[in-house]
Amino acid sequence: MSIRLWEVRKSFGSRAVLDGVSLEVGDGETVALVGFSGSGKSVLLKTIVGLLKPDSGAVFVDGKDVGALRREELYALRRQVGYVFQFAALFDSMTVAENVAMGLRRVPGITEEQIHERTEESLRLVELEGYGPRYPGQLSGGQRKRVGLARAIATRPRYVLYDEPTTGLDPVTTAVIDRLILKMARELGVTSLVVTHNMESAFRIADRIAFLHEGRIRFTGTPEEVRGSGDPIVRAFIEGRPELAQEVV
Amino acid sequence: MNGVWSAPLAWVGRSALELSAGFGRFGRFAASAVRALSDTGTWGRLLVDQMARLGVESIPIAIFIAAFTGIVLALQASYTITGAVPLYFVGALVAKTMILELGPVLTGLALAGRVGANIASEIGTMRVTEQIDALETLAYDPVAYLVVPRVFAGVVMFPIVTAFAIAVGIAAGWITSINLLDLSTPEFVRGVRAFFDTFDVRYSLIKATSFGLVVTFVGCFSGFGATSGAAAVGRATTQAVVVSSMLILVLDAFWAAVLL
Numbered sequence: 001m002s003i004r005l006w007e008v009r010k011s012f013g014s015r016a017v018l019d020g021v022s023l024e025v026g027d028g029e030t031v032a033l034v035g036f037s038g039s040g041k042s043v044l045l046k047t048i049v050g051l052l053k054p055d056s057g058a059v060f061v062d063g064k065d066v067g068a069l070r071r072e073e074l075y076a077l078r079r080q081v082g083y084v085f086q087f088a089a090l091f092d093s094m095t096v097a098e099n100v101a102m103g104l105r106r107v108p109g110i111t112e113e114q115i116h117e118r119t120e121e122s123l124r125l126v127e128l129e130g131y132g133p134r135y136p137g138q139l140s141g142g143q144r145k146r147v148g149l150a151r152a153i154a155t156r157p158r159y160v161l162y163d164e165p166t167t168g169l170d171p172v173t174t175a176v177i178d179r180l181i182l183k184m185a186r187e188l189g190v191t192s193l194v195v196t197h198n199m200e201s202a203f204r205i206a207d208r209i210a211f212l213h214e215g216r217i218r219f220t221g222t223p224e225e226v227r228g229s230g231d232p233i234v235r236a237f238i239e240g241r242p243e244l245a246q247e248v249v
Numbered sequence: 001m002n003g004v005w006s007a008p009l010a011w012v013g014r015s016a017l018e019l020s021a022g023f024g025r026f027g028r029f030a031a032s033a034v035r036a037l038s039d040t041g042t043w044g045r046l047l048v049d050q051m052a053r054l055g056v057e058s059i060p061i062a063i064f065i066a067a068f069t070g071i072v073l074a075l076q077a078s079y080t081i082t083g084a085v086p087l088y089f090v091g092a093l094v095a096k097t098m099i100l101e102l103g104p105v106l107t108g109l110a111l112a113g114r115v116g117a118n119i120a121s122e123i124g125t126m127r128v129t130e131q132i133d134a135l136e137t138l139a140y141d142p143v144a145y146l147v148v149p150r151v152f153a154g155v156v157m158f159p160i161v162t163a164f165a166i167a168v169g170i171a172a173g174w175i176t177s178i179n180l181l182d183l184s185t186p187e188f189v190r191g192v193r194a195f196f197d198t199f200d201v202r203y204s205l206i207k208a209t210s211f212g213l214v215v216t217f218v219g220c221f222s223g224f225g226a227t228s229g230a231a232a233v234g235r236a237t238t239q240a241v242v243v244s245s246m247l248i249l250v251l252d253a254f255w256a257a258v259l260l
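Chains as they are written, first to last, in our numbering: chain A, 1 to 249; chain B, 1 to 260.
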């Protein structure tokens, strides 16, 4: 039960976004993937669920090579993986409850009553009890992200991928989301990969932090190891001092 | 010499490549739609809602267009056939023209604007806001969820809306004839029956079915092709309306050549 990327390469036109990325997220582990804007973090997440196909290399989830799966096998795997989108990607023509129930409707043998119960339970978990009848347009940014999270965890997946879950949120809402990510890991035992720019958040939630730079994983370590890293690029990023990165160039 | 020809040749080459790539994308999209037909569990429960949205809600605009077309047809027919041909031919002209041509084609073009644009903008917005990716991550085939019910609804509902339009157009022509022209109801009906053939109705509904297929499918294809941003959604919507309108006219000529 792990996510493993091996020498993953992905280019768009002549631009190599991922240039041989290798990374492993162990069972029950929370890894924060950090890096500068445009460094390919979201692209990397999309290769894990087969939304994008790597040009070369391989992605293994649960020991299965995602690129080699047949269509039905890929959908079966996706039922094990929750995906929280950067801008929530809620279905705006549906209510909050209908959004959360969408994944549940793909679970074989599930009844309407069970769908309803699980939807309520997921909304409770993200502290949005009673928001079921509202539409996404009636929610704040933070609430939308929490609904996206509720939708991703409603099927009780074993893996959750978070694409910048706290970007654009105020510090209090950020802390709420971080607490939810920790709750998912501790109470539901999910394996998590969190793409973020927010180092405070990464330090709070991650067992390990991986730094993606120029298409490759430049550094991996525990939050303490990242804090103590002497790598100028990593330091530039965590301290917000671009001049440190320019010294390397 | 090279300098003079290189630019236009490069343009022709680029255009040919883009065109063949576009055909390739269209072919792959069509294949994925055919494959998604077997996923009845996904699209089956969405079909009735789409039939209501694309079909039932289109009836008012189709009726509006057909009513005024029927009025104009009756008046123009009467103007054209004065003297040489008996006036009851107005009924024949109104019915024949509404059934064979104006009913299906005007309804098709109106629905290309209403339905095609609606589908392309809705799916395009879903594409650029990652809602289609979200469907994928929730283990839905987006083609089964979004495309099949819309295309199916179009194929079923376009002939029904067209039938309504034809009936209203003929009725409008009849009301015009008995009120504004020197024509009685029996005379108008005599004209309608004089040249009526049940094949005409079949021909008309076959055309309408093909228009339903084209409008909904092109709308879906254009929406899925939207890349990013509001401008892309706008382009997809325009493309859907323009391409499906052109294809309606091409199909109109095709069916006339093949079936008449």
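Calculated directly from the structure, the hints in this document are not laboratory data.
None of the values given here were measured: they were computed from a predicted structure.
Do not take every clue at face value.
[Stated by the list, open to error] Here are the simulated SDA-like pairs of lysine to any residue, each with C-alpha atoms no more than 25 Å apart in a straight line:
1) A:Lys-53 to B:Phe-196
2) A:Lys-64 to B:Pro-142
3) A:Lys-53 to A:Gly-38
4) A:Lys-53 to B:Phe-23
5) A:Lys-183 to A:Gly-168
[As the list claims (entries may be wrong)] Covered by chain B, per the in silico footprint, the following chain A stretches (three or more residues, Cβ under 8 Å):
6) 10–24
7) 76–85
Using N, Cα and C, we set each Cβ at its ideal position, and we do this for glycine too.
Review point. What are the numbers of the hints that this structure violates, sorted from low to high?
Key: Checked against the structure, the hints that fail are numbers 1 and 6, while the rest are satisfied.
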